[in-house]
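With the hints as extra help, turn the sequences into a complete structure.
Protein chains in written order, with my numbering: chain R, 1 to 322; chain Y, 323 to 598; chain G, 599 to 903.
Bear in mind the hints are in silico, worked out from the structure with no lab data behind them. Predicted model only: the values in this text are computed from it and were never measured. Glycine included, C-beta positions come from ideal geometry on N, C-alpha and C. Hints may be right or wrong, so weigh each one.
[Stated by the list, open to error] The following label-pair restraints were derived from C-beta to C-beta distances:
id, chain 1, residue 1, chain 2, residue 2, range
1, G, 612, Y, 495, 55 to 65 Å
2, Y, 424, G, 614, 18 to 28 Å
3, R, 277, Y, 378, 52 to 62 Å
4, G, 626, Y, 424, 26 to 36 Å
5, Y, 518, G, 728, 24 to 34 Å
[To be verified] Partial selection, computed: residues in chain G whose CB lies under 8 Å from chain R:
id, residue
6, 799
7, 801
8, 803
9, 804
10, 806
11, 808
12, 810
13, 811
14, 822
15, 823
16, 896
17, 898
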Amino acid sequence: MALLEIERLEIGFGGLAAVRGASFAVDKGETHCLVGESGCGKSVTALAVMGLLAPTATRKAAGLRFDGQDLSGLSEREMSRLRGDRMAMIFQEPMTSLNPAYTVGSQMAEVLIRHRGGSKKAALDRAAELLERVRITSPGMRLGQYPHQLSGGLRQRVMIAMALMCGPELLIADEPTTALDVTVQAQILKLLDELQRELGLAILLITHDLGIVARVAHRVSVMYAGEVVETAPVAELFGAPTHPYTRGLLSCVPVPGKIAPGEPLGSIPGIVPRVGHGFTGCAFRQRCDLAGPDCEGTVPRRTLAGDHQYLCLREPTEIARS
Amino acid sequence: MTTNKIGLWLGAVIFVGIGLIALFAPLLAPQDPFQQDLTRRLLPPFWMDGHNPTYLLGTDQLGRDYFSRLIYGARISMMIGILTVIGSGVIGTAIGVVGGFYGGKVDDVVMFAITTRLSIPLILVALAIVSIVGSSTTVVVMTLGLLLWDRFAVVARVATMQVRTQDFVAAAWAAGCSHFHIVLREILPNILAPLAVVTTLEMALAILLEAALSFLGLGVPPPLPSWGLMIAEGKDYMFFSPWVITIPGVALCVLVFGINLLGDGLRDLLRTGRTT
Amino acid sequence: MVLFLFRRLVVALLVCTAVLVFAFALTRLSGDLAISIAGPNATANDIEVVRKAYGLDRPLIEQFFDWVGRAAVGDFGQSYFYKEKVSKLIFDRVPITMTLGLVGLSIALVIALPLGVIAALNEGRLIDRAISLVALLGQALPSFWLGLMLMITLGLYLGWLPISGTGTWQHFVMPGLVLSFSAIPALMRLTRSGMIDAMSADYIRTARAKGLSRGSIILKHAARNAAMPVVSIAAVQLGFMLGGSIVIETVFALHGVGFLAWESISKNDFPTVQAVVLLLAIVYTLLTLLADLLNAVLDPRLRAS
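Following this line, the structure appears as structure tokens:
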């Protein structure tokens, strides 16, 4: 059952197309990883779902639904009622994502008070409970502290706890561990994994790190130049990658399926093209061994067995031979 | 972007325009600005009933042609503005560059000097000095020049600190150039841009201060047609003949506004120049 | 933080000492003070009498330390003109100037803060440019002239406010408004740039992701962080306003410290001039210290370090 459905999402910044018809869905209670190189549009996609795009950005979608509700028709006020309540988000920069002027407790409490009302006391109790849940010791003391008194890892835990204040159904995590030390990364990932199972939370995890994908994902969507080029269950994706780009990505990793955590994404010859609004065809064709003149036309979305979709003109057998 | 350019150009046109008026005042003024005619006192300007076409902007309480006095007044404002910023600019830049260049204890002393200067009440001290030394245009220029250096020093100091760490300065050090040479040839040319913005701000301030001093009777002495003095002289008649204070006041506003526009435009130009 | 404040305090004391020397030197600029006091028509004999009477025949150093010693305990000597103690003269007039300064600052804040916030939220749009332009225009208005123009319009033509004097609170509105004009552009610009910085900060994105209302995001999360530089500049501006009150008080005939200063300057009443210069410098220095303390209250990071 899909909790979040995105169909042909398009986001532009001036003349530049950041997202070009991306489609994927996040099911209830699953961890869905969105992978791709930086600049491929994954963060922008997440921000678009939350309604947090800069005012200069334009958003268009054939469908953008959360729990069956059409998000594109909602006003800013209605969106703000959803945010922090039923869908929450955490960011890459734990050092700057908390307001330096307010205590941890006050910043956490205001989420609950905003969406559920009630007393500050009750909200602080809930905050303390969640700090404990994200494995922060002596939560009572932490509530009275200011962000600058906490380490990066602790701040990210606070961000996670804050996101959970209203018991959301969807948590969007945009590169939540990129800015952290490797050991802390592992702890945060483990925490997200546990929370996902204990609370039945759906997590949309954005990362460029295939090691993280292998560890926590149920399903994976691969983005390239503003398009989702392949979506598959994690085992299927690592076992039988189909889109040439996905295959390129995985070939950069020494032993597929046994990737060490923290392994960075490999490189493929060439660069991600900057794409304008009029661009048609496959954006990967300049870097693709299988590209032909036909790749400049419309590219179909193909569906394989086992809930596996990819965006390419070539047959799986054709790709596998190369 | 384009509207900022408009501001810059408008400011430049106003500044240069009033500068030209000041320069060619004897050619432009239709009458002698000092010529009194007590039979023609407080004539109204051209847009009011009962005006005299000879006196475009009417006459003042001593029957002097207001238009001519206004034109000559531009001379005083411009001269005081320009001479003051030359004086204060040299003092402030020297202090700021020394502080920024040498740092450490020297910089502490410079910072202390700036803090002290800022704590001294500007108008009060300027009034006191002019009162004690005696009022004349020279005294006003020297007083303001000696007082208005603080912002030059602040900006020159910070800019020097930034420039000092750059490679071409290091290269000059390595080439064995003297301190004096480095400051003059490598540092000064690279801090001129922010100083240009300060120059406009301080010029506007100096012009306003001169007007205030003259208004309080301790600036440019009569019968010189300083705009501030014209307002002071017209004050007693303002309830019946409001134009006597409106006209010089508007002239002051236009000049200061023009200079501020120029400064603002320059600042924006610098900012965009730095990012691209 | 304690160390920082201690250092600031030491610098403040040094600054006051420097101003002390400056204020003393200021009144000796003319060379011979006795000639100025005795007046233009005095004979050589008169001048000699004056010199003796005011102790001006003593060495400069002795005069200086005598003055400093007394000033340190709040004794600024007798006024030459009013035949009263300078400290009493000033003390009696402080309430008016303080009222004027605070009214001016309040008006400036009430106008500048919302305008700055509105400009920041509409950065680059027409309304932002319009507000900047108005501020620039406000900066170009000479305060004494603005005062006179308001007297003519609000006072004479419209009859809304009294033209001069200090009888009621209405008497402070016009001078306060004029005084506020000098501070509005600086306060507004700083509010604008502070809010622009704050609104683009990561924690504002977090606040939006939390679903907070726009009001809460702007007023609670952004404004608090934009407030710190504004507090500093507000204190400095209040100091400038008190210094600038000399013009306003003269225009509106408000008998405050500024008016006293102007009178003593025109009457060659040097003990009073010295005292007012020193007093204004001390007040300014105290205000900047106060601003540092307020910032420490506002910013938990400053408090800790």
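Query raised in the report: Can you name, in rising order, the numbers of the hints this structure does not satisfy?
Result: 1
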